[in-house]
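S.K.: Protein chains in written order, with our numbering: chain B, 1 to 363; chain U, 1 to 382; chain W, 1 to 255.
Check before you lean on any hint, since a few could be wrong.
[Unchecked claim] Here are the simulated SDA-like pairs of lysine to any residue, each with C-alpha atoms no more than 20 Å apart in a straight line: (1) W/Lys149 to W/Val129; (2) W/Lys4 to B/Asn160; (3) U/Lys37 to W/Tyr184; (4) W/Lys25 to U/Phe376; (5) U/Lys36 to U/Tyr66; (6) W/Lys243 to U/Thr300; (7) W/Lys240 to U/Trp305.
[To be verified] With the C-beta cut set under 10 Å, the calculated list includes, among others, these residues of chain U facing chain W: (8) Phe38; (9) Thr40; (10) Ala41; (11) Tyr66; (12) Glu69; (13) His73; (14) Arg165; (15) Leu230; (16) Val231; (17) Pro234; (18) Ser259; (19) Phe260; (20) Met262; (21) Leu296; (22) Trp305.
[Said to hold, decoys possible] Simulated DEER-style distance windows between Cβ atoms: (23) W/Asn133 to B/Ala354: 41 to 47 Å; (24) U/Gly273 to W/Thr89: 41 to 47 Å; (25) U/Gln364 to W/Glu109: 53 to 59 Å; (26) W/Thr104 to B/Thr85: 33 to 39 Å; (27) W/Arg22 to B/Asn338: 47 to 53 Å.
Since the hints were derived computationally from the structure, they do not count as laboratory data.
Don't be surprised by glycine CBs; every beta carbon is placed ideally from N, CA and C.
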Amino acid sequence: MKRTDIAIIGGGPAGLCASIAAAKMGAKVTLIERNSTLGGQLVKQTHMFFGSQKQYASTRGIDICKILDNEVNKYDNIEVLTNTTVLGMYEDGVITLDCNGSYKKMLPSRIIVATGASEKYLPFANNDLPGIYGAGAVQTLMNVYGVKPADSVVMVGAGNIGLIVSYQLMQAGVSVNAIIDAAPSIGGYLVHASKVARLGVPILTSTTVKSAHGKEYITGITTVKLDDKWQEIEGSESYLPCDNLCISVGLSPLAELLWQIGCEMKYVPTLGGFVPTRDNHLKTSIDSVYVAGDVAGIEEASSAMVEGSIAGLCASRSIGLTMTDYDKVLADYIEQSNSLRRGPVGDKIRQGLAQVEIGGQTK
Amino acid sequence: MNKSASVVIIGGGISGNAIAYELAKRGQKDIVLLEKKFLTAGSTGRCGAGIRMQWGTKLNCIMSKYSVERYEHLNEELDYEHDIEFKQGGYLMCAATSKEMEQFALNVKLQNSLGIPSRMITPQEALEIIPYINTDYMIGGAFCQKDGHLNPFHTTQAFANAAQRLGVCIEKFTTVTGIDVDNGKVIGVQTDKGYIATNVVVDCAGGYSQYIAKMAGIDLPLYSQRHQILVTEPVEPLQGPMFMGFAHNIYCQQSPHGSFIMGRGDDEEPKDGRITSGWTFLEEMAKNCVKLLPLLKDLTVVRQWSGLYNMSPDKQPIYGHAPNVEGFYMASGFSGHGFMFGPVTGVVMAEMILGLSPTVDASQLCFDRFEKGQLFIEPSVV
Amino acid sequence: MIQKDGIATQEMIDSITPSAERRSKGPVAVVECFQSIPCNPCYTSCPRKAMKELIDINDMPQVNTDICNGCGVCISHCPGLAIFVIDETYGDNQCLIKMPYEFTPLPSEGDYVTATDRGGKPVCRGKVVKVVNTPMQDRTPIIHLVVPKEFSMIVRSLNINDIYDDNTYICRCEELTLGELREYIRKGYTTLDEIKRITRAGMGPCQGRTCRQLIMNEIAKLTGVKPQDQLMSTFRPPVKPVKLGFYAQEDTDNE
Numbered sequence: 001m002k003r004t005d006i007a008i009i010g011g012g013p014a015g016l017c018a019s020i021a022a023a024k025m026g027a028k029v030t031l032i033e034r035n036s037t038l039g040g041q042l043v044k045q046t047h048m049f050f051g052s053q054k055q056y057a058s059t060r061g062i063d064i065c066k067i068l069d070n071e072v073n074k075y076d077n078i079e080v081l082t083n084t085t086v087l088g089m090y091e092d093g094v095i096t097l098d099c100n101g102s103y104k105k106m107l108p109s110r111i112i113v114a115t116g117a118s119e120k121y122l123p124f125a126n127n128d129l130p131g132i133y134g135a136g137a138v139q140t141l142m143n144v145y146g147v148k149p150a151d152s153v154v155m156v157g158a159g160n161i162g163l164i165v166s167y168q169l170m171q172a173g174v175s176v177n178a179i180i181d182a183a184p185s186i187g188g189y190l191v192h193a194s195k196v197a198r199l200g201v202p203i204l205t206s207t208t209v210k211s212a213h214g215k216e217y218i219t220g221i222t223t224v225k226l227d228d229k230w231q232e233i234e235g236s237e238s239y240l241p242c243d244n245l246c247i248s249v250g251l252s253p254l255a256e257l258l259w260q261i262g263c264e265m266k267y268v269p270t271l272g273g274f275v276p277t278r279d280n281h282l283k284t285s286i287d288s289v290y291v292a293g294d295v296a297g298i299e300e301a302s303s304a305m306v307e308g309s310i311a312g313l314c315a316s317r318s319i320g321l322t323m324t325d326y327d328k329v330l331a332d333y334i335e336q337s338n339s340l341r342r343g344p345v346g347d348k349i350r351q352g353l354a355q356v357e358i359g360g361q362t363k
Numbered sequence: 001m002n003k004s005a006s007v008v009i010i011g012g013g014i015s016g017n018a019i020a021y022e023l024a025k026r027g028q029k030d031i032v033l034l035e036k037k038f039l040t041a042g043s044t045g046r047c048g049a050g051i052r053m054q055w056g057t058k059l060n061c062i063m064s065k066y067s068v069e070r071y072e073h074l075n076e077e078l079d080y081e082h083d084i085e086f087k088q089g090g091y092l093m094c095a096a097t098s099k100e101m102e103q104f105a106l107n108v109k110l111q112n113s114l115g116i117p118s119r120m121i122t123p124q125e126a127l128e129i130i131p132y133i134n135t136d137y138m139i140g141g142a143f144c145q146k147d148g149h150l151n152p153f154h155t156t157q158a159f160a161n162a163a164q165r166l167g168v169c170i171e172k173f174t175t176v177t178g179i180d181v182d183n184g185k186v187i188g189v190q191t192d193k194g195y196i197a198t199n200v201v202v203d204c205a206g207g208y209s210q211y212i213a214k215m216a217g218i219d220l221p222l223y224s225q226r227h228q229i230l231v232t233e234p235v236e237p238l239q240g241p242m243f244m245g246f247a248h249n250i251y252c253q254q255s256p257h258g259s260f261i262m263g264r265g266d267d268e269e270p271k272d273g274r275i276t277s278g279w280t281f282l283e284e285m286a287k288n289c290v291k292l293l294p295l296l297k298d299l300t301v302v303r304q305w306s307g308l309y310n311m312s313p314d315k316q317p318i319y320g321h322a323p324n325v326e327g328f329y330m331a332s333g334f335s336g337h338g339f340m341f342g343p344v345t346g347v348v349m350a351e352m353i354l355g356l357s358p359t360v361d362a363s364q365l366c367f368d369r370f371e372k373g374q375l376f377i378e379p380s381v382v
Numbered sequence: 001m002i003q004k005d006g007i008a009t010q011e012m013i014d015s016i017t018p019s020a021e022r023r024s025k026g027p028v029a030v031v032e033c034f035q036s037i038p039c040n041p042c043y044t045s046c047p048r049k050a051m052k053e054l055i056d057i058n059d060m061p062q063v064n065t066d067i068c069n070g071c072g073v074c075i076s077h078c079p080g081l082a083i084f085v086i087d088e089t090y091g092d093n094q095c096l097i098k099m100p101y102e103f104t105p106l107p108s109e110g111d112y113v114t115a116t117d118r119g120g121k122p123v124c125r126g127k128v129v130k131v132v133n134t135p136m137q138d139r140t141p142i143i144h145l146v147v148p149k150e151f152s153m154i155v156r157s158l159n160i161n162d163i164y165d166d167n168t169y170i171c172r173c174e175e176l177t178l179g180e181l182r183e184y185i186r187k188g189y190t191t192l193d194e195i196k197r198i199t200r201a202g203m204g205p206c207q208g209r210t211c212r213q214l215i216m217n218e219i220a221k222l223t224g225v226k227p228q229d230q231l232m233s234t235f236r237p238p239v240k241p242v243k244l245g246f247y248a249q250e251d252t253d254n255e
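Using the sequences and the accompanying hints, generate a full structural model.
M.R.: Shown next, in the form of structure tokens:
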């Protein structure tokens with residue numbers, strides 16, 4: 001059985017930052033990534049990030065990915081396992097792995113779960129027709145594999161992902177016929193909304209998809225308007241042609257491993273569903289298990305990176321490691337994390353976190 | 001619209017715009033130019049667009065030479081965004097009679113003495129310049145390569161744009177309805193858009209100059225006569241110079257654009273201000289042209305039009321001020337060659353109005369020459 | 001409403017529009033960020049510190065237009081692509097808008113494009129005078145688009161397909177295109193005759209039979225003067241092109 005100081009599950013922005021922070025503290029780190037390359041969602045994020053310079057604001061996700069990847073490679077004390085899936089997490093602290101087809105077991109002193117999130121789906125008539133995709137899949141096809149996924153798309157969901165993927169579809173030469181959202185107002189950043197609006201894409205709020213049409217593949221959808229109680233308004237149906245319906249109605253934390261190991265979980269809709277309780281060092285109800293990123297609550301990647309750093313530092317500290325200015329560095333990350341959530345768009349996040357944060361260790 | 005102005009220029013043709021520019025260039029502020037329709041709507045926009053220095057009087061030679069030299073650099077001087085299309089393809093003056101030959105010889109001598117590079121030519125030499133001249137009707141001629149063609153619309157616009165950049169206010173579609181004179185002094189101009197108080201008015205209204213002067217109580221010895229002209233479809237470059245004959249009563253030139261523009265004078269043309277078209281012109285023009293330049297018979301005519309020659313008793317312009325009305329200036333009576341004299345008109349009038357010493361002494365063309373019987377006789381006009 | 005359709009309201013635009021006096025002095029940044037979000041590259045990227053310090057990263061950006069010189073460095077740094085530079089001193093009647101544009105193909109300098117508004121609707125024809133695409137812009141190229149001055153706060157995007165089609169000939173005889181015609185109309189050549197004199201449209205073999213109505217329609221669109229209220233140009237003989245030699249024939253039918 002393989003031993004390591006800190007096993008980090010998930011090579012996305014949170015896991016990468018956690019690895020780097022833990023490595024800086026001198027921990028022996030094992031970074032476990034399901035895919036063949038590191039970066040998680042960063043590999044397809046061709047847009048510039050928000051936040052401040054510390055979270056690589058103004059830098060594109062794909063470039064942040066390279067920066068973090070290079071940083072990880074600088075540390076001899078980080079071992080990267082790609083094409084490796086964590087199959088189970090056990091109460092004795094053992095995790096089992098499918099490592100490129102081989103069965104492996106590992107006993108880390110600490111585990112940081114940074115598994116991210118999965119896309120939510122939407123029930124409507126004929127939602128099994130070919131041509132109905134999650135926005136993430138479409139983004140992968142376009143930005144990772146260079147495949148134009150469709151000629152004309154209707155995007156369901158005006159959150160940041162829906163808006164960004166719509167913009168990127170336009171960049172790929174796909175026409176976006178409309179972005180619809182059941183909510184009465186746009187959920188994503190208004191600057192993203194303005195970006196697509198000025199390209200002539202109509203954004204239809206209080207509108208949802210009622211059914212998809214087509215035989216072999218999707219050829220269009222029927223939309224319906226919703227009233228202020230989210231009820232369908234009769235007679236408000238209308239037809240939108242498309243050869244691709246892109247679903248972007250939110251993300252759910254990928255928290256199976258946390259359930260398995262018995263972390264205390266709470267249902268917090270504003271954080272995307274069931275999320276673990278944690279202290280402000282991102283330690284869960286189980287002392288050896290830390291969390292970071294979307295699995296701890298759906299937020300922007302900038303927050304995920306800061307959380308990763310905090311978890312990496314704190315998990316290392318908890319096994320007796322340290323570094324110069326540890327307190328100062330940690331305090332700075334915590335302040336970054338707070339400041340990213342301080343504004344009005346952070347309202348819901350703050351409310352959600354208030355429900356899952358365990359006090360006591362706040363510095 | 002401005003309620004007052006230091007100078008009100010009436011007429012949006014080449015003269016008015018050149019005067020406006022030259023005044024503004026010399027620092028004059030608050031200049032307003034009034035045009036009844038749009039710029040070049042009158043005689044400027046209807047002219048044959050020829051530019052020549054081959055004249056028979058010293059003053060006309062000097063004035064035209066000054067103008068040509070300015071035109072040569074006008075695109076740059078006025079920083080014009082398009083091209084005034086100055087083509088110095090020359091003027092070939094065709095002599096039909098020995099009397100004309102004698103006159104041309106005198107002219108060329110005078111012109112050469114003033115630095116104008118004209119020369120006498122034989123019919124044979126003429127054929128080298130325009131290979132399709134029917135020399136049966138030509139005993140010789142004169143040629144000056146530096147003469148040519150200029151686009152009236154762009155040239156006027158170039159002056160207008162430059163004048164506007166220097167602060168001149170150009171009011172299009174504004175009709176002058178009256179000129180107020182008090183105690184022998186101009187005090188203002190009435191228009192259909194409002195009143196402009198001013199002490200200086202410049203009348204350069206082309207074919208309507210005499211009517212403008214009348215508003216100030218001044219009788220100008222001018223009349224306006226219709227002149228007709230035609231244009232053909234553009235063809236490949238065929239003819240370098242303007243072909244011109246006084247006795248043959250023709251001018252015919254290919255513009256840089258490719259179209260041929262040709263016209264003729266006719267004493268029988270109406271003098272009532274009409275600018276309609278007549279079929280006799282087409283017939284006479286066609287016959288004359290085909291006779292003298294046979295190759296051109298296959299050119300297709302796309303349009304005939306007409307404009308007004310503002311005729312003075314000696315077929316020369318009046319550059320001056322009215323003796324009885326202080327502040328009333330005129331650049332009128334161009335008798336068919338106002339366009340080519342644009343630059344000199346601008347300079348002479350601007351300097352006169354500002355009381356500056358003249359670059360070109362044109363005092364012979366003053367208003368009272370007619371009263372004094374000192375007509376200025378130019379032997380070489382259509 | 002921006003919360004519903006992503007398009008800023010006039011009040012919002014008014015609130016961030018630099019003063020007329022400032023606009024008359026030269027290029028200036030316009031930041032169309034109407035939501036408090038955790039983001040600060042506009043502040044940190046400004047070499048002149050013209051952006052009011054974002055003490056809280058969620059503060060909304062505010063341009064000190066006295067300090068801003070419209071250099072445009074912030075444009076490519078804004079992750080929301082919400083920053084534009086407008087320069088109303090670019091020309092007598094034209095303004096320059098510097099905007100981010102992350103699409104291929106990029107327009108080229110000299111291209112005419114369809115300038116669009118915040119809702120993507122065509123506003124006018126724009127001319128691309130510069131495409132800034134160096135490593136500094138990091139794949140967010142900046143397009144310098146010239147449009148009529150009145151659209152400085154209206155045009156915010158472009159469509160590379162010039163729907164005011166460059167290639168549409170209005171006057172086929174003299175090859176005047178729709179785009180050129182519109183430019184002339186905007187420059188103040190607002191009558192058929194003025195257009196004709198400055199462009200030759202209507203002077204060719206067809207004498208305006210094709211272009212006259214088209215030109216008048218365009219004048220109507222851009223000036224609001226209906227064709228029936230416009231000054232008609234003069235009609236002259238001949239009604240079709242006729243050879244000069246034809247007129248030189250003797251009319252033998254003498255009575």
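S.K.: Indicate, hint by hint, whether the structure satisfies it.
M.R.: Here is what the structure says about each hint:
1. W/Lys149 to W/Val129: 15 Å, holds
2. W/Lys4 to B/Asn160: 14 Å, holds
3. U/Lys37 to W/Tyr184: Holds, at about 17 Å.
4. W/Lys25 to U/Phe376: Distance ~54 Å between W/Lys25 and U/Phe376 Cα, so the pair is violated.
5. U/Lys36 to U/Tyr66: Violated, at about 29 Å.
6. W/Lys243 to U/Thr300: Since the Cα atoms of W/Lys243 and U/Thr300 sit roughly 4 Å apart, the hinted pair holds (cutoff 20 Å).
7. W/Lys240 to U/Trp305: Holds, because 14 Å separates the two Cα atoms, which is no more than 20 Å.
8. Phe38: 5 Å, holds
9. Thr40: 6 Å, holds
10. Ala41: Status holds, d = 7 Å.
11. Tyr66: 26 Å, violated
12. Glu69: Cβ of U/Glu69 sits 25 Å from chain W, so the hint is violated.
13. His73: 21 Å, violated
14. Arg165: Holds, about 8 Å.
15. Leu230: Check passed: Cβ of U/Leu230 comes within 8 Å of chain W, closer than 10 Å.
16. Val231: 7 Å, holds
17. Pro234: 7 Å, holds
18. Ser259: This interface hint holds because 8 Å falls under the 10 Å limit.
19. Phe260: 8 Å, holds
20. Met262: 9 Å, holds
21. Leu296: 6 Å, holds
22. Trp305: 5 Å, holds
23. W/Asn133 to B/Ala354: 41 to 47 Å: Holds: the Cβ-Cβ distance is about 46 Å, inside 41 to 47 Å.
24. U/Gly273 to W/Thr89: 41 to 47 Å: Distance hint for U/Gly273, W/Thr89 holds at roughly 46 Å.
25. U/Gln364 to W/Glu109: 53 to 59 Å: 54 Å, holds
26. W/Thr104 to B/Thr85: 33 to 39 Å: Check passed, 37 Å falls within 33 to 39 Å.
27. W/Arg22 to B/Asn338: 47 to 53 Å: 36 Å, violated
The structure fails hints 4, 5, 11, 12, 13, 27 (numbered hints given earlier, in ascending order).
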